[in-house]
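Please model the complete structure; the sequences and the hints are all you need to start from.
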Amino acid sequence: MFITDNLKWIRHPGQILNFAKIIPAMNSLKKCVILLVFSLILSGLNAQIEMSAEYRPRLEINNGFGNVPTIDMDASVYISQRARLNFDYVKERNRFFFSIQDVRFWGDDNVATATGAWANTHSLGVFQVWAEFGLFNHSRIKIGRQEFKYDDQRLLATRNWSQYGVTYDALLFGYKRSGWEMDLALSYNNDQERGAAGFGNNHFNVDPIARRIRTLNFIYFKKQFNPSFYLSSTAIVSGYQQNKNSNTLYLMATYGLHGSYQGKLLDMQANIYKQGGKNQQGKSIDAYFYTFDAAFKLGGLRPGFGIDIISGNDPANPTLSDPNTDHAFNLLYGAGYMRYGFMNQYLTPASTLGGGWIDVYPQLHVQLDKKNRLTADYHWFFLHKSAADPTRQGQFLSGSLGSELDLVWHHRFSSEISTTLGFSYYFTNETFSRIKRIEPSQIGKPFYAYFMLTYKPVLFKSTR
16 MFITDNLKWI RHPGQILNFA KIIPAMNSLK KCVILLVFSL ILSGLNAQIE
66 MSAEYRPRLE INNGFGNVPT IDMDASVYIS QRARLNFDYV KERNRFFFSI
116 QDVRFWGDDN VATATGAWAN THSLGVFQVW AEFGLFNHSR IKIGRQEFKY
166 DDQRLLATRN WSQYGVTYDA LLFGYKRSGW EMDLALSYNN DQERGAAGFG
216 NNHFNVDPIA RRIRTLNFIY FKKQFNPSFY LSSTAIVSGY QQNKNSNTLY
266 LMATYGLHGS YQGKLLDMQA NIYKQGGKNQ QGKSIDAYFY TFDAAFKLGG
316 LRPGFGIDII SGNDPANPTL SDPNTDHAFN LLYGAGYMRY GFMNQYLTPA
366 STLGGGWIDV YPQLHVQLDK KNRLTADYHW FFLHKSAADP TRQGQFLSGS
416 LGSELDLVWH HRFSSEISTT LGFSYYFTNE TFSRIKRIEP SQIGKPFYAY
466 FMLTYKPVLF KSTR
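Its first residue numbered 16, the sequence shown is counted upward by one per residue in my numbering.
None of these hints come from the bench; they were simulated from the model. Hints may be right or wrong, so weigh each one.
To be verified - Taking lysine-lysine pairs in the PhoX-like style, the calculated list, with each CA pair at most 25 Å apart, reads:
(1) 164 with 191
(2) 191 with 106
(3) 157 with 238
(4) 289 with 164
(5) 164 with 471
(6) 298 with 259
(7) 385 with 279
(8) 157 with 476
(9) 106 with 471
(10) 259 with 237
(11) 238 with 191
(12) 312 with 279
(13) 164 with 106
(14) 386 with 312
(15) 279 with 237
Right, here's the structure in full:
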């Protein structure tokens, strides 16, 4: 607040920076932070207080990450960074967590000169802020902006690869006892307070179909049968407003089972999910999602194999499909990047023009020593059902979508500092190029490389 108020005088490019106004603001902010921490320490001698940080710069060479290059395109090179400051306060069964973050690309500052950068007024924001209170003996309630991370993160994930991450404003009730767990989350989102008469008349004033979810609710059950095996069940109800001026919500239900086994020699996971209700455009849904993966533990080697089936529509066979029903499964809030190749080509039903996809992936992870790990993942992609060819009227696409190779090297210098080096290459074919609306003769060679440093120090930690 201090810095914002004292920067209001900066109105036009080229105006001289008034350090006399910024320095007192910075000093005032610093004093407030120090006073807040000091007062909390004094008032909470029986509490656990921790302040931590994260700094994560990443160099990227992009010639196909989240897009498809043509032969006349050049790779783009850029550096982004994330900086977070976390405050965690725990006393008895109550907890308060607050995290702010600054995310920016090097050089994109909107307050700068020809010789340097001063500030970016759009990069700083709240990442998480929530309070948690213990209820009775085995339950808790958590309210505020928080992360959701369940099972193998295929439907509810932190999506940490994005420098911004993903959080949700929600109320969560949790229960845990005797190997049983239950979480119930409820949310209702709006862009601002509105005074229109009548409950529910405070509409989103943005395009909710393309941009924002109106409500996200789920119930999660988990039973831990033994240290190696558990089963869980999740039911998610998400809603999107019909349009900017409507009280109608399109509700989509996603429900199913997850199983996980982690033994001494073998790890296995499986998912079976169905989807019904209405999609974001109000069309009925009847879709499904199946996965299975396994990995062997052979010393430092972890060879594995997996298959994911994401259902789609089949316009080439109208007798087998209802034109009023959408059979394309929506992966909702899952970590698509970590599951379907690092090139980020398949995330939503639109990625395959509604045809769905099948991902068959062998893997090899090698733990070289305590500090170094190599991973090699190979993905064979196929259309689950046919898709209308957007480049040739009346034609349909099916079969292979090509394949992708992902190579990653992780090195850990210490518990606080690590580096990651990655390279990915996509082997295209004609079906892939047409799905992406590019003539096969014009498609380039998609590749993506990055180098990332992660530094996560603990700045302060009290002892009880």
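Tested hints:
1. Among the hinted pairs, residue 164 with residue 191 is consistent with the structure: their alpha-carbon atoms are about 16 Å apart, no more than 25 Å.
2. Our distance criterion of 25 Å between C-alpha atoms is met by residue 191 and residue 106, whose separation comes to about 19 Å.
3. Pair hint residue 157 plus residue 238 holds up; C-alpha atoms about 21 Å apart against a cutoff of 25 Å.
4. Restraint check for residue 289 and residue 164: the C-alpha separation of about 20 Å stays at or below 25 Å, so the hint holds.
5. At most 25 Å may separate the alpha-carbon atoms for a hinted pair to count; residue 164 and residue 471 meet this at roughly 20 Å.
6. Taking the CA atoms of residue 298 and residue 259, the gap is about 18 Å. The hint holds against a cut of 25 Å.
7. Only pairs whose Cα atoms come within 25 Å are accepted, and residue 385 paired with residue 279 is accepted, the gap being roughly 19 Å.
8. Distance check on the hinted pair: residue 157 and residue 476 sit about 23 Å apart at the alpha-carbon level, within 25 Å; holds.
9. Between residue 106 and residue 471, the direct Cα distance comes to roughly 24 Å. Compliance with the 25 Å bound is thereby established for this hinted pair.
10. Distance check on the hinted pair: residue 259 and residue 237 sit about 38 Å apart at the alpha-carbon level, beyond 25 Å; violated.
11. About 10 Å separates the Cα atoms of residue 238 and residue 191, which keeps this hinted pair within 25 Å; it holds.
12. Simply put, residue 312 and residue 279 have alpha-carbon atoms about 7 Å apart, close enough for the 25 Å limit, and the pair holds.
13. For the hint pairing residue 164 with residue 106, the CA-to-CA distance comes to about 24 Å; that is within 25 Å, so the pair holds.
14. Restraint check for residue 386 and residue 312: the C-alpha separation of about 18 Å stays at or below 25 Å, so the hint holds.
15. With a CA separation close to 22 Å, the supplied pair residue 279 and residue 237 stays within the 25 Å bound.
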